[in-house]
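*Asks:* The whole structure should be built from the sequences, with the hints applied where relevant.
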Amino acid sequence: MLEVNHIDTYYGELKALWDVSLTLDKGEIVALIGANGSGKSTLLEAIAGLLPPTTGEILFEGVRLDKEPSHRIVEFGVCLVPEDRGIFPGMNVSENLELGAFSKRGRKEKEETLHVVYGLFPILKNRRNQLTRTLSGGEQQMLAIGKGLLSRPKLLMLDEPSLGLAPLVTKNIFEAICQINQTGVSILLVEQNVHIALRVAKRAYIIENGRIVQHEQAKNLLRDRRVIQAYLGTHYA
Amino acid sequence: MPKNWKSFFIFGGIIALLAMLPLFTNRSDVLTWSCLTLQYILLSQSWNIIGGYAGQVNLGHAAFFGLGALTTRYLWLAGLPFPASLLSGAFIATVFALLIGIPAFRLRGIYFVIGTLVLAEILKVVIDTRFPVASVLPVETLLTYSLLPRYYLSLMGAVLSVIAVYFISRSRLGLGMMAIREDEDAARTSGVNILQNKLIAFAISTFLAGLAGGIFAFYMVAIQPGYVFSPIWTFDSVVIVFVGGIGTLIGPIIGSVFFVLLKQWLSLHLPGGLHLAVFGVLFILVVLYMPDGFIEAIRRYGKMVTLGRKPMVQGG
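Quick mapping for you: the protein sequence lines, in order, are chains A and B.
First residue of the first sequence: 1, per this note's numbering; consecutive thereafter.
First residue of the second sequence: 1, per this note's numbering; consecutive thereafter.
To be clear, the hints were calculated from the coordinates, so they are not data collected in a lab.
For clarity, every value in this text was computed on a predicted model and none was experimentally measured.
Hints may be right or wrong, so weigh each one.
[As the list claims (entries may be wrong)] Each computed SDA-like pair below joins lysine to any residue, with the alpha-carbon atoms no more than 20 Å apart:
no.: 1; chain 1: A; residue 1: LYS108; chain 2: B; residue 2: ARG172
no.: 2; chain 1: A; residue 1: LYS67; chain 2: B; residue 2: ILE194
no.: 3; chain 1: A; residue 1: LYS104; chain 2: B; residue 2: ARG172
*Replies:* In structure tokens, the structure reads:
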């Protein structure tokens with residue numbers, strides 16, 4: 001469904017991605033793992049059109065995404081929930097969800113999706129008139145994912161959904177991510193919490209210094225000595 | 001929605017009362033102040049659309065007010081019927097806005113602010129040198145000059161701007177504008193076409209600013225062409241919007257009433273030009289201590305009265 005073919009990306013003069021390729025099939029959860037500054041977020045931004053690649057191509061269901069502006073990419077059913085969550089702190093919860101359904105694609109089925117989102121995260125319904133900046137970190141992440149779902153994505157890209165959250169809240173968020181995946185939404189996941197990421201994902205890519213260095217079934221990576229030492233800590237060995 | 005109906009009746013009632021104002025009084029000072037207040041409502045609401053809702057701090061607003069004023073004035077005095085002149089003025093302002101909007105909206109934040117400010121100043125210098133002579137109404141127009149049509153025209157302009165802001169704030173366009181104001185990247189990944197949304201907001205804003213200029217040109221007996229391009233028009237609007245409540249429907253109305261009354265009172269009691277300093281200080285105080293403007297203070301006071309106790313600190 002998603003095919004990233006040999007892309008290079010620059011921040012001005014600085015090269016951030018070198019010849020990166022990645023594929024994702026319909027219904028899959030794929031994890032992207034790497035240290036800080038390795039290019040994980042950059043790759044998601046490239047797919048979402050925020051930082052188009054200079055070479056290579058990004059194909060989504062046969063469409064060249066790298067030729068499209070961000071707001072059009074949303075219409076194709078590709079949605080990014082960025083690391084800073086992409087929510088609007090000065091607006092209340094329902095306004096944020098309303099903006100999630102801003103695209104033509106999302107607007108068509110807004111009421112149904114809203115129902116699904118409130119079912120997934122009931123707390124959002126209770127907080128719907130509350131200003132977003134007064135929500136807790138976990139609630140903000142739920143809102144970010146809920147807002148993303150309102151665009152009716154076929155592919156949801158999540159950048160560090162566990163960032164700054166307590167372990168129990170992280171567990172809830174990942175349960176929700178699995179539920180979302182079961183409804184047929186493919187997920188591309190960037191996550192520092194490698195252990196949890198490799199348990200929900202089917203396959204994973206390891207990225208180092210802007211290059212993909214390894215690509216494996218997630219369950220094999222969980223047993224890989226190098227991965228364990230680099231990302232999980234020795235007590236897992 | 002009974003709550004909405006109440007607002008509609010209040011709004012309709014105020015318009016009806018204002019429309020009947022000339023029946024109650026023929027004091028020309030009252031009518032003059034009312035004209036000015038209504039014109040300021042139109043101008044400040046027009047700035048509120050781009051600055052308050054879309055969050056693009058346009059400090060070149062005087063350029064659009066000036067273009068509307070000058071175009072309307074010269075077409076009207078050249079013999080074109082006034083309504084056609086007025087619409088042409090607003091149209092020219094909008095066309096100019098779209099021409100400069102495409103490059104200007106490539107700038108973000110402070111660069112957009114400086115860019116628009118400089119643009120208006122360049123235009124003012126050009127106009128000052130190209131049109132050095134004041135435009136005075138011809139004698140036959142002066143003989144029939146009456147405040148009444150000016151008053152009703154100002155009222156129509158003000159009402160139009162309030163209606164425009166009301167519908168924008170409840171539309172998809174307005175939602176996109178507010179998203180851009182809050183976070184441009186998040187708006188983009190939510191599917192908002194940033195440039196298109198900004199340009200539409202700018203076009204509506206400058207159309208109304210051009211209209212305000214045209215009405216002012218109709219109202220004034222004598223106009224120095226450079227004066228309508230003076231940065232005063234920009235900064236008066238900014239002060240009014242901030243003092244009243246930025247990004248709100250009612251804020252600019254409260255701000256305009258307060259601004260005109262205080263300005264008249266100050267210019268009667270302070271030596272020439274000093275009232276500008278008072279507004280500068282007031283602006284700083286409002287931004288520091290009352291960033292949501294008078295409207296928020298009134299809302300809190302209202303809550304305090306109805307609850308019968310001190311309001312709780314917001315946020316925390």
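*Asks:* Are the hints correct? Go through all of them and say.
*Replies:* Cross-check of the supplied hints:
no.: 1; hint: A:LYS108 - B:ARG172; in the structure: 14 Å, holds
no.: 2; hint: A:LYS67 - B:ILE194; in the structure: 17 Å, holds
no.: 3; hint: A:LYS104 - B:ARG172; in the structure: 11 Å, holds
Violation of the numbered hints given earlier is absent; every hint is satisfied by the structure.
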